[in-house]
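Engineer: Fit chains Y and D to the known structure of chain G by using the hints.
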Amino acid sequence: MLELALFYLAAGISLVSTILAVTRVNATHALIYLIISLLASAIIFYLVGAPFAAVLEVVIYAGAIMVLFVFVIMMLNLSPAGEAIEHRWLQPRMWIIPALFCTLLLAEITYMLSRGDNLLMGHMVGPKAVGLELFGPYVLAVEIASMLLLAGLVGAFHLGRRYLTELREETS
Amino acid sequence: MTEVVVIPMEHGLLLAAILFLIGLLGVMVRRNILLILMSLEIMLNACGLAFIVVGAHWGQADGQIMFMLILAIAAAEVSVGLGMLLQVHIRIGTLDIDLASRMRG
Amino acid sequence: MADHAFLIPLIPFIGFLILFCTLGNLPRYWVAVIGVGSIGSSAIVVALLGIEFLSQKDPTPYAVHLYTWMNLAGFQPGVSFYIDGLTLTMMFVITGIGLLIHVYSSLFMFEEEDYSRFFSYMNLFVAAMLVLVLADNLLLLFLGWEGVGLCSYLLVGFWYQDSANGMAARKAFIVTRIGDTFMALGLFLLYQHLGTLDIQPMMHVATASWAIGDPTVTLACLLLVGGAVGKSAQLPLQTWLPDAMAGPTPVSALIHAATMVTAGVYLIARTHELFLLSPIALNIVALIGAATLIMAAFTAMTQSDIKRILAYSTISQIGYMFLALGVGAWASGIFHLVTHAFFKALLFLAAGAVIYSLHHEHNIFKMGGLRKKLPLAFWSFMIGSAALAALPFTSGFYSKDAILLSAWESGPMGPGLWAAGLLGALLTAIYSFRLVFIVFFGATQTEPDKPAGSVMAVPLLILCLLSLLGGLLTVPVSQVFPPATALDHSGLIPAVTLAIPILGVLIAWLIFLRRSVDLGAITSSAVGKFLVTFWFRHWMMDSLYDRVFVKPYTFITLANRRDIIDSFYNGFAGALRLLHDYATLSQTGQLRTYALVMLMGVVALIAVFAGVITP
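Protein chains in written order, with this note's numbering: chain G, 1 to 172; chain Y, 1001 to 1105; chain D, 2001 to 2615.
So that you can see chain G by itself, here it is in the shape it has in the complex (with noise of 0.2 Å):
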């Protein structure tokens, strides 16, 4: 049982805290919110049986992903004034259309995963199994994604590249 437990805390925690994500002001504080929603995540994927995931998930996404966040909110060199913006950007009015529909969209949701049996889970998946199956079935799938990952690089090169040549231009 403690098991059970420790996945409906897990999922309170990463619910907190990504909705505290959502509604910050300050993008750093948002983006703190999110790595600790992001490692919630990771103890979930941990629980359900899927410990590879769990790691991927804390070196991936809320190691490295989540740093070229901090660089980039590094070169914005974000003010105070800009929070001020934030809080007129953020006014109540703005979220009740938005939120409506995804309150629709989730009573749906909820009324199909009510129609289904009562499934468990709770089976184990290792690292070796995943590997199998990644290098066998799916191999063309991970040429792809080396594929994309490559034209994310190029992509990200070319659009930095021009960033600081005109950063130059305009101190010099």
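Warning: the hint list may mix true and false statements.
Reference excerpt, derived from the structure (chain Y facing chain D, CB under 7 Å, subset only) [claimed, not checked]:
no.: 1; residue: V1027
no.: 2; residue: M1028
no.: 3; residue: I1097
no.: 4; residue: D1098
no.: 5; residue: S1101
no.: 6; residue: M1103
no.: 7; residue: R1104
Note that these hints are calculated values from the structure, not bench results.
Note that beta-carbon positions come from the ideal geometry of N, C-alpha and C, so glycine has one too.
Structural biologist: Structure of chains Y and D alone, referenced to chain G:
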């Protein structure tokens, strides 16, 4: 394949759905591009969670593989997205997505 | 040689392509070599083919199938050539006369800026004309038919900087297009009833399936005649030819005298088996020919522009050919086509030589006394006019004599047609020698400066020879047409036929050279004045057409300037534009709005999904 913990799958999926919707709400409400990108990350992570949960139910590796592919997509998306964010910042001088509306009409 | 028949139209076409694609960047010398050389090579192939064909003991026509042009539900017109005596005769004329005229042009047009363009169009014309006469089926013939029409348009408007020339070109194109439409309708009708457009099988099927005088075959023949009168400038579509003289003189000689305008004659001769089934259509052809030849002859007597006189004379002479076809004297008609090509090309080229020496002077009353100064042009004109007037023992005499005698012997309408032809012959002699006497005798009006060069002289000399001795030739068409009745050359009628042209020359001599008759007194009287004006304006046909067709048409177009039908489409477009403006309102450029709208769509979709799919 050892039994680890018995958790109702519906609860896992519901959590994924709620996280996804919070992310979607963030995309729709926030005007700061940085926050929009973070919300997108939340949505992608929610998708990954759903895959893991379903994979755990069937006891198969496919769910985790899908999660890894989502990781790859997220990495690529973030790198390009942040590059574009910098471009918007340098060209328009703000991070307000509503001002980047030259595609109107 | 039969395997090489495809070269005949191909070589001029390649010449056209070379000259056209180099856009006038070749040196003049090379342009002349290519332009003249392509026609010369084609002429050599024709000559070899002709020698081979005619040296057989019993020449048999044959078809050369190159490839199937298209294949549409059993309709398979081929690009295939049919070679028999008639085709060969036409090819001799086209390539032979064509070569002489090209040689002549190489000097005549030398000063022109667009030397290369001129030769490219001329080569294309020869190629199209050869396709026309070689074609094995009426569709390929129609391709050549339209091709020569296009070249005629391009060459009449050759000096396009002057808008009058452009208008003349358009007139030529549009008027012949009316005839072409009739011809196309005729082809449709023939295909509908006979199921083929291949000429030889078609003729057999027609003879087998239609009785003589069947209304359908009459209608088909009349539609073909519609095409022929348009192309050959016969009543009622003859008005374009005089204006077509706006083109360069070699063009008038080649296209508007020797070859293209006789395409109608060729068409009727080629489909003569069809016409034999319809006596009514044949009578109409004869009547058209007779009426046209008299009308045009009267007009030619009153004109003052040297080229227009020749143009009306061409219309008149083609009238003789139509008359011959109409009375069933097929071979005589084709023979007149050949001799006419000789002497009319000669006359045009000689006229060109005069114009060349007199700085583009066209008015005969500003010429005069050129006999001594331009002896070559003078003798060319003398020989050409003698042949045109059918003075005895010239080439024109043999052909015209045969036509008139055939007309006399052709049934109940015969004497009437004969009389009309005879009147035409008299007028022909008068107007042709009027031209000679005014231009080459009397007082000098304008001093010629540069005489024609030797390159121009050689074709003139050859044509002089042909015009004089062409009557000795026989056209190899005896197998193509049904045998003609032997003509009786003794008795009163042939004697009168022989004497009339001489009488005409005498009258012209009395009036225009000796001036024994006071012409001024006759033309200044009320009736004379009216007739001269009436004939000068070609029986008021242009103004009649202007009143009946052009003016109402322009009135309607002006009234419908804003186009009623267009307004419907414009309204449709306007409504679409309005809708478009509303639709663009949804494109706000706001990313967040797009996301919201997508969410709404997802909510709706899942609502449907959950309601329908879930049990």
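Engineer: Now tell me if each hint is right for this structure.
Structural biologist: Each hint, compared with the structure:
1. V1027: With a minimum Cβ separation of about 5 Å from chain D (threshold 7 Å), the hint on V1027/Y holds.
2. M1028: Result: holds, 5 Å to nearest chain D Cβ.
3. I1097: 5 Å, holds
4. D1098: OK, holds: D1098/Y within 7 Å of chain D, min 6 Å.
5. S1101: For S1101/Y, the interface hint holds, since the closest Cβ of chain D sits about 3 Å away, which is under 7 Å.
6. M1103: With a closest approach of 4 Å, the M1103/Y hint holds.
7. R1104: 3 Å, holds
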